[in-house]
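From just these sequences and the hints, can you work out the full model?
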Amino acid sequence: MNFLYQNIYYIGAFGLIFIGLYIVAAKKNLIKIIIGLGFISTGINLFLIIIGYIKKGTATIFSKPNLNPAQMVDPVPQALVLTAIVIDVAVLALALGLVIGLYKHYKTLNIRKIRGLKW
Amino acid sequence: MIFITFLVIIMLIGAIVACIFKDLLSAAIAAGIVSLIASILFYFLQAPDVAMAEASIGAALTTAIFVFAIKKTERYEENEKDN
Amino acid sequence: MRRIISFILLIIIFVGIYLALTHIPYAKDKMKVSKHYINNGIKENGAANIVTAVVLNYRGFDTLGEVTVLFIGAVGLGMILFGSRTNSKDRTPASLILTTGCRLLFPFILLLGIYIFIHGHLTPGGGFQGGAIIASGFLLNYLGCLKRPVKENGINAIESLAGTIFVMIGLIGLLYGGYFLLNFLPKGVLNTLVSGGILPLLYIAIGFKVGAELAGIIYKLME
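Residue numbers (my numbering), protein chains in the order written: chain A, 1 to 119; chain B, 1001 to 1083; chain C, 2001 to 2223.
Read the hints as simulated data drawn from the structure, not as lab findings.
Among these hints, one or two may not hold up.
Stated by the list, open to error - Listed next, the in silico DSSO-like pairs over lysine-lysine satisfying Cα-Cα at most 27 angstroms (straight line): (1) 2147/C with 2220/C; (2) 2032/C with 55/A; (3) 113/A with 1072/B; (4) 56/A with 2032/C; (5) 2030/C with 56/A; (6) 2028/C with 56/A; (7) 27/A with 1071/B; (8) 1022/B with 104/A; (9) 27/A with 113/A; (10) 55/A with 2030/C; (11) 2147/C with 1072/B.
Below, the structure is given as structure tokens:
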């Protein structure tokens, strides 16, 4: 129980990556595979923010004149994750555009049936 | 601490629900719930900028884009058992 | 068969990851780079929000790359779905309360988005969050009363103009001597609206660009 209380954030992030990888590897419908891709991205962003956390830390905003700068959390992973979230939505939009184009051509969304590049 | 454990368990149950259901609309809404709980966890990890970005971009716009894509293709997954 | 094999492979991978990652200390001290950014952030930037300073000043080139990737994604989507209009005769208009409510709410949502990215260097927030809220306002208006508040050519013009302004501000910094995205305006008093050099101007350009981009993606998918 003590192990659970100390590592609950890690279990959440890695559980999400595990479920996302399982969906990408073993499912047949194209839209479900893209949902799994979104889960992997969310899990990795959560893991990056967990690394930058300090016990009893505060957010890095100097709103009052004298705040203790030794008690603040790490600001560099937050800046990188901000960029990663916005890029993920662009990738998901482009992937769904490709799925719509594929559906118009093949009339099915099963990846076992869309085989071969036909000229 | 009990509250955070509760939230993580609900997030993992939501992800498993999105894996199992055959109705694609329910799977897209379960993905939205996972994004929302991830945004709350970002707030508890003292990162308010990232929480605001994940809530507005992940929970609102990604779910809307999925619903538009489902509208233009099929709604139900096939259930034949072939490999 | 495929499911069982993938499950076993994933369990092996995750046991390996767990054995490798137990050596990372949880909730201990920060890295040296972050200590330098927090201790000297106010003197070098003038902004109260350190994450804004890191995104726009210390790592400003990554933000330029991210703006480029968003632009490529939107252009690619427009190219794939080119010339595919569905006929809209199977859409019934909504009731009077819904259409009036949606049209009434649109300026307030726009105002909230603009407030969030103007105060990006003082409170949590910034360009990306404000832009996403503006795109949600466009989405509400298009779902509620089936009308586009701004025409499509106007959205594309706003997006291109905002991206050009971002690069122009960086090039002016290059002319002043030094490097791209140099902070050439005075830093001002801490915790006021006009402070932090060029940081508010950059976030205003990014806010309009991201908002117009995501609204364009919604327009293209909704046809």
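Quiz prompt | Hint check, failures only | solution = none
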